[in-house]
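Peer 1: Chains A, B, C and D supply the protein sequences, listed in that same order. The numbers in the UniProt record's numbering rise by one with no breaks, and the one at position 190 of the first sequence is 190. The numbers in the UniProt record's numbering rise by one with no breaks, and the one at position 37 of the second sequence is 37. The numbers in the UniProt record's numbering rise by one with no breaks, and the one at position 113 of the third sequence is 113. The numbers in the UniProt record's numbering rise by one with no breaks, and the one at position 106 of the fourth sequence is 106.
Worth flagging that the hints you see were computed from the coordinates, not collected in a lab. Bear in mind that the values here come from a model prediction, so they are computed numbers and not experimental data. Glycine is no exception: its CB is placed at the ideal position from the N, C-alpha and C atoms. Careful: at least some of the hints might be erroneous.
[What the hints assert, rightly or not] A few chain D residues that face chain C, going by a derived Cβ cut-off under 7 Å, partial list only:
| hint | residue |
| --- | --- |
| 1 | E14 |
| 2 | G18 |
| 3 | L229 |
| 4 | R275 |
| 5 | W331 |
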Amino acid sequence: MEYSLNALNQWIVCAEHQFKTQLAELNALDAAIGDGDHGSNLARGFAKVVEKLQAEKPATPAALLKLVGMTLISSVGGASGPLYGTFFLEAAKVAGDQLQLDDAGLALCLQAGLAGIQRLGKAEPGDKTMVDALSPAVSALNHQAGLEMAAQKAREGRDATIPMIAHKGRASYLGERAIGHADPGATSASLLFDCLAKL
Amino acid sequence: MEYSLNALNQWIVCAEHQFKTQLAELNALDAAIGDGDHGSNLARGFAKVVEKLQAEKPATPAALLKLVGMTLISSVGGASGPLYGTFFLEAAKVAGDQLQLDDAGLALCLQAGLAGIQRLGKAEPGDKTMVDALSPAVSALNHQAGLEMAAQKAREGRDATIPMIAHKGRASYLGERAIGHADPGATSASLLFDCLAKL
Amino acid sequence: MKQLVNAPDQVVTEALQGMALAYPDLIRVHENPHYIVRADAPKNGKVALVSGGGSGHEPMHGGFVGLGMLDAACPGAVFTSPTPDQIQEASAAVHAGKGILHIVKNYTGDVLNFQMAAELLQSDGIEVRTVIMDDDVAVKDSLYTAGRRGVGATVLAEKICGGAAEAGASLDEVAALCSSVNASARSMGLALGPCTNPETGQASFTLGENEIEFGIGIHGEPGRQRIPLQSADTLTEMLMIPILEDLPFKKGDEILLFVNGLGATPLLEQYIVYRAAETVAKKHGLKVSRRLVGAYMTSLDMAGISITLLRLDETMRQYWDAPVRSPALRWGL
Amino acid sequence: MKQLVNAPDQVVTEALQGMALAYPDLIRVHENPHYIVRADAPKNGKVALVSGGGSGHEPMHGGFVGLGMLDAACPGAVFTSPTPDQIQEASAAVHAGKGILHIVKNYTGDVLNFQMAAELLQSDGIEVRTVIMDDDVAVKDSLYTAGRRGVGATVLAEKICGGAAEAGASLDEVAALCSSVNASARSMGLALGPCTNPETGQASFTLGENEIEFGIGIHGEPGRQRIPLQSADTLTEMLMIPILEDLPFKKGDEILLFVNGLGATPLLEQYIVYRAAETVAKKHGLKVSRRLVGAYMTSLDMAGISITLLRLDETMRQYWDAPVRSPALRWGL
Ligand SMILES: Nc1ncnc2c1ncn2[C@@H]1O[C@H](COP(=O)(O)OP(=O)(O)O)[C@@H](O)[C@H]1O
Ligand SMILES: Nc1ncnc2c1ncn2[C@@H]1O[C@H](COP(=O)(O)OP(=O)(O)O)[C@@H](O)[C@H]1O
Ligand SMILES: [Mg+2]
Ligand SMILES: [Mg+2]
Ligand SMILES: [Mg+2]
Ligand SMILES: [Mg+2]
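All chains, please: the whole structure from these sequences, using the hints.
Peer 2: This is the structure in structure tokens:
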């Protein structure tokens, strides 16, 4: 499959829609083991992103991904702002000046994005963060398993955070009390891959 | 009937017991149209009074009534402290150096006490205060109707405050919202007369 | 309701002991009876300012004891005015020969107890003046009520008169200034929820999901009216209009605007209300020249606010600006 | 939950506008992005101190902007750290050529956003040092967590470093002093009830009739442990012991004792806790030489308290005592 500028745009618009409609659910997940704002944070950030995409109409996948990353960084705040922001910025770097991405290209971009998140946040799989959803999903893409399978892996990764103790982010303060709750960042990451799978 | 030092002492001990056991009820009445402390105020004051009576063993009715009044003034605070304190101080003045009071003497004492309350607080019957229970009760005593009848009149006076709008004390801030609640001070006054009737 | 207390009947005593420990350089606390005095009392050459009232309104009044404000404060039981002997002893302890001003909020209990104390002091040859504060416009007709309550203007009067007393004003002058502050100030408040008296453990009233008490006092007594919650701007305007009309405040008046948190209301919300209040004041042509925002007169853990406007003259402004050094208000020193 | 707001998404903006109106002589508020600077910024000849974090902790940090304390504060959305561009612009606005100290509470979001901002500033040739505050002993093992949270010591560090910066200390000196305050301070808190985020309208957690959250943070995140309510003295001791043992504080140490109300807790209760805390400190042979009691770092309308102990050395004591003139802390001026 090929991912045109238009497709990437659709991806982000879908994500914006997801975060807006799942705002309360994401906040509730975050309230259980964090400070209850993850949904509000992403809804605010992606609303701004869509507004900017419409105003600035970036001309390449890289420009689009960079715009998304910069906007998230400057409008989300919290832990997820710099982390998701870096995800898109690093992806943009790999996208270079290609006018559209193929499957392998997309996988490389998202792989770089994930690496950026891990460099910044120092989280490993098993720490109960967004990395637990992103990592298996990106890995599926790397193995040409397809978007549907990647999204499936992201959801499994999210579910796998439920029994975990957190070692990063606010949930890590709770010790064993974090057990039994899905990580909000892993949940939002899986929503991102759900949107990718809809392309 | 004659009221010995002992009888007056019993009266106050009964009142102390009543206010202690009715503390929550008096507070609840006061919460509805005031600040919810009338029971606590009187329980605190009369506990101190009984403590002092036991320690100082006053020798005359006047000394006893004065001790009650002084102690209420110095330990109750609020509106009811000075008012009930004055009631007993004024009664003490009339008791003079008599060693016991007869019916007429008691009536004169309480009449003076009521006058003291009205001089200080400027309340008239109908203002929804303790005066509404005290006034008919004292008047019954003045007409030699007996303690039982006086207590009965005090209870009727208390009940008569229920439909009233208040013109004195905290309840006056409420306007029409005071309607439907018995005045806490009228209620405590009727308890005082109930104790008198038990002598 | 959960509270950080030990024995309910020791709340005031232990809190006072805590204050004594927390402010050793500013105040001294006396027990049996309870009162708080300036660490350097009696302060020669000045009129002594004494106030008091029920506890539960902290920092008022104990937090205002110090240089440039009160000489003594008498805290009663929670929401219960202090007793005459408490007031008498506190007053005697700070009297420095230039007389005593009692600043009394207009509640039956406070008025009666301060009145008795004043009589006791006068019979000991100490000169006492009393000013009754009654700035709450929520209480409409003083012919048929115990009269307006004393609320936020009390904080302003204590600061301004404290400045004057520190500067050497006579008892007559300080009393006249206090009356003039009272006559030039108006207040009104609202509550979003009740408060809980730690001595009784009971909430003062119950409100529906979406109800507020409008025209609230500061003792947990219900307000004048129960109305639905509205936006901060609307509610602020609803408080401001009766305040403005009552004095009335007139175009061009210079004012001090005081937005007061009643206890549990976050500063974030107090600032939103302050914004709305100053906006309304300016729309009415007033010149806002001095400001105070914060929880200075509380009702324990009540959520809500009150607004006080004071029309300033030059004397008031000067003594408002004068240095103050108390636990709760401090500047210039 | 009822709150005094207009539009939920305008809470921070309108509150900042209210602050700007309330303190025209002390601060200036910038919108888009949001930040607060000293009215006289940039202040020549001094290191610029910048802090920030989510809103909802007022007066921290905006209330600490002013002479002798912060040069700028960056408020994020409620409980959400500010963004890098906000921090960058605020820092650039107050930079006076002597470099910038970022005082950052240790939360992933704050750390990452300040880190990005520092990189942006450094690439513009502005020297930036960052000190991460992490004084909360409720978070045990930083190997397996995001590390200890920054809480009450932040207030103390901002005051003390502000004093040093005002006195002309270099960036290295101010940064070293800040690290030293952090290394010498320990804190812990508890909540009797949740707080309600005005942006979402949701209570942060639900507690039983008689339960409290022990080891609470300041963002409405649940604490370390849910335990039954106990007396103020017992709970204070339960907070004090882990604090004392952690540093550890030793017999003879001179300390600053800071009892902080989390929002809805009345001063009456804070004083009761202060009394208990100073008593425990003295029993452990500590010399309490400086004190702070009040709601300086809040979680909106959360009922609860936190306790912070700082081992003072002479430098810290001197700069603690130095004049400060900010909306929330003021003395000597
Ligand atoms: N160090 C980290 N590495 C990767 N992800 C992290 C890290 N810390 C936190 N997260 C993610 O961020 C999510 C929380 O984001 P959000 O609620 O928006 O920010 P905050 O915690 O600042 O309120 C967590 O659920 C987790 O997935
Ligand atoms: N001016 C007055 N004259 C007579 N009684 C009064 C007056 N004002 C108040 N009271 C009585 O005092 C009672 C309240 O007493 P209490 O609750 O102890 O004091 P406070 O109102 O100061 O809290 C009222 O119910 C009323 O009966
Ligand atoms: Mg969060
Ligand atoms: Mg009462
Ligand atoms: Mg009372
Ligand atoms: Mg957050």
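Peer 1: Could you tell me which of the hints above the structure violates, numbers in ascending order?
Peer 2: none
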